[in-house]
Structure formats: structure tokens, C-alpha cells
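Starting from the known structure of chain F, arrange chain Z on it as the hints suggest.
Each chain, letter by letter, is given below.
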Amino acid sequence: MNPLAAIGRATLLFLAATGAVVAFALQALASGLSGRLYWRQLGRQMLEMGYFSLPVVGLTAIFTGMVLALQSYTGFARFEAQEAIPTIVVLSMTRELGPVLAGLMVAGRVGAAIAAELGTMRVTEQIDALSTLATDPLRYLVFPRLLAATLMLPLLVLVADVIGVMGGWLVSVYKLGFGPIEFVNRSFEHLETEDVVSGLVKAAVFGFIVALMGCYQGYRSRGGAQGVGAATTRAVVSASILILVANYVVTELFFSR
Amino acid sequence: MSPRPPAPPKIRIRGLEKRFGPKPVLRGLDLDVPEGRSLVVIGGSGSGKSVLIKCILGLLKPDAGSIRIDGTELVGASRATLEAARRKVGMLFQGAALFDSLPVWENVAFGLLARRLVDRKRARERAIATLARVGLGPEAADLYPAELSGGMQKRVGLARAIAAEPEILFFDEPTTGLDPIMADVINELIRTLVSELGATALSITHDMASVRKIADRVAMLYEGRIIWEGPVERLDDSGDPYVDQFVHGRATGPIKVGV
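If you're matching them up, the sequences are chains F and Z in order. Numbers in the numbering used here are just positions in the first sequence, counted from 1, shifted up by 497. Numbers in the numbering used here are just positions in the second sequence, counted from 1, shifted up by 801.
Just chain Z, same shape as in the assembly:
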């Protein structure tokens, strides 16, 4: 049997560098996200996880390196190319980032309305259907974000991210600020939605319970580079002292903690 050539990665990052003033945050980061898999990037607070995601989305401009989605180069790309790439991506923000001037259903249908895929009446129906997928009833549709609990806001954020059925999903600290049970509910939901959509998922978190639940593969970001990458089953015997320290949450070890 001849070996099957490996499928090209959905997202391919090479030599990514980003600095803020004199402070380098990403220093030549390489990362592949295989199509249809869920990759979780772990790393301490301030290690540049959010910067990584914002660079991929084109919200921050990298200083050097290459980011390709489906083979299309995004660093230095035209606005139209960037917008086309963003169209493939749905993102759940850390604080959900719901638009607080709009009711829940308009939040969920925002991307559909912005692209004029549907009229307002159809958009509302689509929003209610999408809310059902994240476990919210139609009575939530006319509430405003400020009237929702943290867990419900995350659900609405999720619904907004998947409303246009994107090929790629980004999750920025999906469980931050939730109690352990609600965190588990959201993790389950992420797992289910990603496999239902057949999407490629890239998450960043430092919540190890979340990692074990939603990851197929795990990459560890430290000092601006990926220092370890492997399947989630290898997390406990990675053989990497940095990963070991992080996974077990020990104060002492090779990772220097800035106070």
C-alpha cells in the first residue's frame, strides 16, 4: 500500500513574529491546524495566545512570517482577501463580546444580515434555530445581552459564531468566568458543534479540564514559540518539562513566572 500524502493543513503558520514596542510577543511561531481537527493552544497568561488568534483574523498585523488558510497567504494580503478568509471563520470571544445595543436574535443573525444572506424575517427564524442548537429557547431571542447570565452569554456567543456555518471556529478562553459545571456544559457544546459542523477548531485556553474535553491535538506556546505539539492523549507523558509543569500547575519548574 502506497503511503497516502498528508492532507495540507487548513491553517498553516510559519515564522510568525509580532512585537509591541520593544516587547516581542511572538518570536517565529510555527503551527499547523489539520483540517477537521480541534487544536488547542495552551500557555500562560500573557504568553501571546490572543495575539496569535488576532493575527490569524487580521485584527493585528504581524511583523513577519506567513499565515495561510487553505493555502491562501494572509500576511500582507489585500482587504478583499482578508475579508474572504474571515468569512470562513466564526469566533467565540472571551467575554462573548455580544453587541449590547442589539437583542439576542440580532446578535446571532448579525453575520447573516451583514452579508445579506437573508432578510430580517428569515434571519430571525435562522437565529431562533441556531439558539436551539446551543440549548436556548425562542424566549431568549428578544432579551438583551445585559439581561443574560454569563453562561447564557457564552451560549449566545457560540450561536453567533456558528450561525453562518463556518469551516473554521476559534474559541478564545471559552470557559473563563464560568463555574465548573457550566464550563463543562460549554465544553460539551463546543465538542458537539465542532463535530456536527465538521469544522476545524482552534482554541486557546489555560483551563486544563477544557483542553482534555475539546482537544484532538494540543500545542504549548511559551516565549513566543510553539515548544511542544502532540495528540491530547500524550499530554501527561509529553516528556517535556515545560508542558509537564503547565499541565500539573506547579509553581516550580523551568517556566519562569513573571510577578
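Pulled out of the complex, with its shape left as it was, chain F reads as follows:
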């Protein structure tokens, strides 16, 4: 096969897919903003995505904070710079690891659930049924999920930040010989509002990405159980990759300010 043609085909496919996702997102937002909001759906999704993700996100955060303290001790002890550990832990958690790890965990938990649910609704004609019952499926199904994820992920990340720092505190105090008050004081010493805010902005973006990819893949899934399975996989994989890409983009935006 002609290698140039292969590259061209791949590029066109990529561009077509990007365009389709963007068009879907704009349609969903336009539908959602053009009429009444389904509060009941929104509440249900916020509970499902936010509250029920707490255990997963909390566990991820506490172990990440703990390992951060240990690893930075290993490195920093070589320069006699152990007192920087609280700063390292708190900055890494709020700016980077809180949002990214929470985003990835939520992509696995929530993104997969959305894709599987909407995919099943698609192949069992429930989405068509909505249209015949005077209900816009984009407004009823997609928009509340987009909104819920965008609102809930920052809250989850805020909790993850606190739990992650607590993990670092536990290891530093009980294993590395930090004073409990000293650790807290030092972590606040260099922490600025922007560190937390940039992490929360990231979280909102990641939440939107997770819900969008879940909805998009689920909404257009075809071909029964196998199609729904494939859609679920694609939703998680594409959301995870997009989270990592968006993470760089948002960091760059805050960095160059």
C-alpha cells in the first residue's frame, strides 16, 4: 500500500472524528441551553458522579500523597533538603496529581458507565423512544451529564487535595520524623491561591472531557452488546488521552500568564 495514502487516510479519519466530537458537543450545549433544564436528571448524575466517586478518588489521593512524601524524601535527603517535602507534596497534589489522577479514575468509573448506559439505550431504541415522547435526548440525557461532571470533578479534586496532603502528612509525621504542626505550617508557606485554582480549572475541563467522550461514544454506538462494549472502551481510552493532552494545555496557559 502507498504509505502516503495511508498517512493521508489516517489524518482525514482523525480530523473527521475531531470534527464529529466538536459538532456533538456544540449540539448538546445548544440543546441544553435552549430549553428547560432537567433538574431531576442533573441531581441524579451529580450524586452518581460526585458522591459515589468519593471512595475511589479518596483512596487514590491518600496513597499518592503517601508515596509522594516517601519518594521526595529519598531524593531530597541526598541534598539535605528534606524540609521541602511538605511544599513538594502540597504543590504536586493541588497543581498536578489531584486533578489528573482524579480525572483518570473518574474516566474509568464515570466515563465507562455513561458510555455503557447511553449505548444500551441506543441499541434498545430508548433514545429513539425519547424523541417520540416530545423529549430531546441531547437535552434530557447528554446535557445534564456534561454539566454534572463539569461541576462535580472540581469538588472531588478539592477533597482529593486535602486527602492527598493528609497522606503526605501521615508518612512525614509517623515515618520521616516531621513535627505534625511543622508539616502543616510548611505546606501553607509556599502555597498560593493559583496553585489550587489551576488544579480546579483542570478538574472542570477533565470532567467535561470525561462526560463528553462517554456521551459521544455511547450515543452513536451500534450493533448490540459488542458495539456497546467497544463504545465503552473507546470512551475510556479517548477520555484518558484527552485528559493528558488537556492537562499540558491548561498548565501551559497558567504557566505563561
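Hints in this document: simulated from the structure, not taken from any laboratory. Please note: incorrect hints may appear among the correct ones.
Said to hold, decoys possible - The following residues of chain F were derived to be distant from chain Z, with all beta-carbon distances above 12 angstroms: (1) 509; (2) 514; (3) 522; (4) 526; (5) 576; (6) 577; (7) 589; (8) 679; (9) 727; (10) 731; (11) 746.
As the list claims (entries may be wrong) - A few chain F residues that face chain Z, going by a derived Cβ cut-off under 10 angstroms, partial list only: (12) 533; (13) 623; (14) 625; (15) 627; (16) 628; (17) 629; (18) 631; (19) 633.
Every residue gets a Cβ at the ideal spot worked out from N, C-alpha and C, and that includes glycine.
Just chain Z now, with coordinates in the frame of chain F:
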């Protein structure tokens, strides 16, 4: 006595075309559904029966042709026009397509609630009354679709389709997946409800027992066109070899069966 001008058809379809990629499914389909009658479209699996119904509902966009309900053109129509047209239609889906996150009564009252015709308390009462019309007691109202048998799901689907008392009813393979007795019960129910509501009905099926029970008129869809149309009494002496083969379920005949 001067001849009465024929009433305009409730649904009028002309030259309807729809293709998926290179594969044409509907190739210039013409069909009239007279007001207040029950028309059944028969045809083999994959002949485009479902595509036809989805085009009328605006769930699929036809490539060419015209679809009119009460004289209003729907092909290329605005969203508002399409929504107004859908409001006249109630549909029973093949697998019932009940919303499995909602209890039975909310499924039945979904259209009423979506249009804000009633509040939730009234909606529940309406749902229970509608369930009674399809032979389900009030104890079914709080069950979830997954807790129902296939026959009960069809009944709930029917109740959902008629809850807003539509002028037009669509039935997509209403008896698929049911045992013969339950199929007959559903057919009877469809017959009764359609005449009670005075609705125009369009059904698609390949179940001949169902056709004989619910049809006033029958149309045969083959290779993307209606090749025969007539009253149900003419089904056995249609004089059309294609219809004959289908009605009697013979493997040999003019219809080519893709394997």
C-alpha cells in the same frame, strides 16, 4: 348521487429514498395511509420496514422524497414542525424500549410529563388509568421494566404509546418475541385500542397472524418499494406472486432470499 371526493390521506409518502453508504434501502417508496384505518406494511427482514417508520418520525433523514402528515411536509422541515408532527404520533417499539431507570408509571406518563400537560400526582393517576386500558393493575405501576415479563413490557409500551391519546399509532413488530397466545392478546389489544381512540395505525410486521388480526389494508415492501397494496381480504388472492410467496412463507418463488 355525485361521487364523494376521497378524503386526503393522513400520511402521504411519495418517492421516498434512503441509502446507507452505497446500499439503497428505500428506492422511491409511495404509500398512503387513510385516516382512521389500520395499514400494515409487510416485508422480509432487512427490507427497510423500520427505516420507513424512522423516516416518518424524523429519526432518520430521507435522501429524497416527500412525507406529509395531515398535509404538512416533513422532509426538510424545521425542528418545530417535526416536533409538532411527532406529537400526533404514539409508537410501540419492537423491544418495547422502556426506560429502565424509571418505574412503570413514569414510563407511561413520560410524554405527558415531558409536555407538562399534568403535574406528577395527576400523571401517576393518568398512568394507572392507562395501564388499566392495557389490562395491567395498579400494582404494576411501581415495578421497574426489568421486573416485567416480555408480554407485560409490550403492554406497558402500548400504554406509553397511547397515554397522550395520539391521532396516529405506529407499531414496530408488535408480536416479536411473544408466544402465540400472548401475541394474540397483544393483537386484540391493538385492535381494540386503535378503534377506541379512532386513531390511524401504521404497523410493520412479518407475522402473518398479526397482519390478519390488526390490518384493514396491507402493503408489501420489497426492494425499497411498495409492490402491492390492498385490503386485507385480498391477501390470499392478491394475484401477485411476491405477496403470495410471502403470505404462504415459501422458500421458493420470485423473492430472492439473501443468505
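**OP:** Just pull the numbers of the violated hints for me, sorted ascending.
**Re:** none
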